Amino acid sequence: MSTDTPAPAASQSDKYLAVQRSDEFAGLRRALRGFVFPMTVAFFLWYALYVILSAYARDFMGTKLFGSNINVALVFGLLQFVSTFLIAWLYSRYADRKIDPIADRIRAEIGEVTHEQGPRG
Numbered sequence: 001m002s003t004d005t006p007a008p009a010a011s012q013s014d015k016y017l018a019v020q021r022s023d024e025f026a027g028l029r030r031a032l033r034g035f036v037f038p039m040t041v042a043f044f045l046w047y048a049l050y051v052i053l054s055a056y057a058r059d060f061m062g063t064k065l066f067g068s069n070i071n072v073a074l075v076f077g078l079l080q081f082v083s084t085f086l087i088a089w090l091y092s093r094y095a096d097r098k099i100d101p102i103a104d105r106i107r108a109e110i111g112e113v114t115h116e117q118g119p120r121g
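Counting in my numbering, the sequence shown runs from 1 upward without gaps.
Warning: the hint list may mix true and false statements.
Computed Cβ-Cβ distance ranges for the label pairs, DEER-style [unchecked claim]:
#, residue 1, residue 2, range
1, L86, Y16, 32 to 38 Å
2, D23, R93, 23 to 29 Å
3, E109, K64, 58 to 64 Å
4, L45, L17, 33 to 39 Å
5, E109, Q80, 38 to 44 Å
Simulated crosslink set (EDC-like; lysine to aspartate or glutamate; CA at most 20 Å straight-line) [claimed, not checked]:
#, residue 1, residue 2
6, K98, D23
7, K98, D14
8, K98, E109
9, K15, D96
10, K98, E24
Just so you know, the hints here were simulated from the structure itself, not pulled from any lab data.
Bear in mind the structure is a predicted one, so any value in this text is a computation, not a measurement.
From the three backbone atoms N, C-alpha and C, an ideal C-beta is built for every residue, glycine too.
Please build the complete structure, drawing on both the sequences and the hints.
Now the structure itself:
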């Protein structure tokens, strides 16, 4: 019984290190950050506005908009859900156009299965 690591495992890790250092992988990370960071900041500011207005602008948030129970606070609260689903939808579209093609090329380059090819190519 040998405790030596088989040679293919070393070459596999070398392959992944080479991909990590490649310009294409750097572009993939840049594309991901180009969407995720600005969208995270925008959502956080939108949420912080909601919380701050709820805490310090109670008269404004209590302003009735429709009927006797629909006020600004309720509409802002519901818009939090809308914005969450909007961001998810926008990310899905962005990933389909910008991220997935690069990731598929990288996977093909290292010999892994892409989501379009299936398990046997």
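Results for each hint:
no.	hint	result
1	L86 x Y16: 32 to 38 Å	holds (35 Å)
2	D23 x R93: 23 to 29 Å	holds (25 Å)
3	E109 x K64: 58 to 64 Å	holds (60 Å)
4	L45 x L17: 33 to 39 Å	holds (38 Å)
5	E109 x Q80: 38 to 44 Å	holds (41 Å)
6	K98 x D23	holds (15 Å)
7	K98 x D14	violated (26 Å)
8	K98 x E109	holds (18 Å)
9	K15 x D96	violated (25 Å)
10	K98 x E24	holds (12 Å)
Going down the numbered hints, you'll see the structure goes against 7, 9, while the others check out.
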